[in-house]
Structure formats: C-alpha cells, structure tokens
Amino acid sequence: AAGVIQSPRHLIKEKRETATLKCYPIPRHDTVYWYQQGPGQDPQFLISFYEKMQSDKGSIPDRFSAQQFSDYHSELNMSSLELGDSALYFCASSEWGGNSGNTIYFGEGSWLTVV
Amino acid sequence: QQQVKQSPQSLIVQKGGISIINCAYENTAFDYFPWYQQFPGKGPALLIAIRPDVSEKKEGRFTISFNKSAKQFSLHIMDSQPGDSATYFCAARSRETSGSRLTFGEGTQLTVNP
Chain A
432 AAGVIQSPRH LIKEKRETAT LKCYPIPRHD TVYWYQQGPG QDPQFLISFY
482 EKMQSDKGSI PDRFSAQQFS DYHSELNMSS LELGDSALYF CASSEWGGNS
532 GNTIYFGEGS WLTVV
Chain B
1392 QQQVKQSPQS LIVQKGGISI INCAYENTAF DYFPWYQQFP GKGPALLIAI
1442 RPDVSEKKEG RFTISFNKSA KQFSLHIMDS QPGDSATYFC AARSRETSGS
1492 RLTFGEGTQL TVNP
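Chains as they are written, first to last, in our numbering: chain A, 432 to 546; chain B, 1392 to 1505.
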C-alpha cells in the first residue's frame, strides 16, 4: 500500500540558510499534517492543511511557512535556520481531519541538521 | 504544558512478560486515543486505537484499557518480544479542531530482553 512520501530524507544546512521539505500524502487523503520531533522527544504539531487551506496551527515558528498544493502535496519552508531547528520533521496524512477517528499515517521523516 | 501525560519514561521487560504503559489526559474534548509505535529513525506507526465509549479493545497481543471517569488509558503488551523494543507514544485527538491534530504523550522507551 502507498505510504506518505517525504523528501529529502536527509538535509544539512548552515545557519541562516533556507530549507524546503516536501510531502506527498497517501492517495485520496485530503489532510496533511507537519510535526517536528527533537531527539528523545515526542512529535510536536506544527501545522495542518485540509483541501489546500490551513486547518490548524500549532507551535510553528514565524520563520516557517507551509502550503498544500492542488495535487494535495505539501511543502514546509524554513528560513533563517537556527541550530535549534535540527530535528526530524514528519509529514502525516489522513482522510478528512474533521473526523477525529480517521487514522493519521506518518511518513518516514526528513532529518534536518543545521550546522 | 503536556496535555497528555505518559509513564513510565522507560521500561525494561523480560521476553514473555507483560508491558504496561499508562497515559492520562485533562481535555474532555479528546475523543480518540491511538497508540503509536516508533522505531529509531522511523515514523510513528499506528498500533491500536480506542474511542471513549469503549472500556477495552484488544488486537492480538495489544490491549488498550480506557477509564473515562479517571481520564486515563493504558496499553498492555502481552507476551512481550524483543522485536517489540521501540518507543511507544500514546496520543489524543479532539473533535473540536477542524484540523484534528494528534497530541502526543512524552513517550515510553520499551526494551524487551531476550
């Protein structure tokens, strides 16, 4: 079965640079979520989109932005990178997020290292 | 402020034993409680989930027990195996937010010794 696809899997950037992460949800999933997970920590919700509109916003820094495109893929743009942004970034997808019982499936994650 | 509190932080169990992980929540708007299993460098994978109108759900060796009045739920892994060694996260989801984000507990690192 198709899963959530994230790219790139690994990314090394210098401080103050910009990074873009891409996410391709499971086919027919219309809701996309972004999470950030630091070492030894639980995933922290950043932002979500339903039908290309932002549906919920969590602890996403102002330096970060995201959008969902017409083909439902999503991109997370991170600017003015800081050392503290180094983390594993997960994209997840589900059928309509308004139904809390719909399973949320996670991708394998994108490792961002800021040096 | 952690909305879902999970314990213990780490757990060591012998092969064949029972692993028990506990979670508690405060937000009564939560109405869906999944458990995720995560291996190092991998994404969380859904293990089992429960709604608050059910007190127990069993799937194979995994059982969720849910106590609505106490706002607590737990994961029991029967006949624990070394392959179960992973980090386990309880989570909760609210019907009130349209994006319906998952809120995770702090995680439990489970080690099953052979």
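Each hint should be verified, as a subset may be incorrect.
Pairs of lysine-lysine residues, derived as DSS-like cross-links and limited to a Cα-Cα distance of at most 27 Å, are as follows [stated by the list, open to error]:
| hint | chain 1 | residue 1 | chain 2 | residue 2 |
| --- | --- | --- | --- | --- |
| 1 | B | Lys1448 | B | Lys1462 |
| 2 | A | Lys446 | B | Lys1433 |
| 3 | A | Lys488 | B | Lys1462 |
| 4 | A | Lys444 | B | Lys1396 |
| 5 | B | Lys1396 | A | Lys488 |
No lab work stands behind these hints, which were simulated from the structure alone.
Quick caveat, the model's predicted, so the values are computed rather than measured.
- Task: Enumerate the violated hints, using their earlier numbering and listing them in ascending order.
- Result: 4
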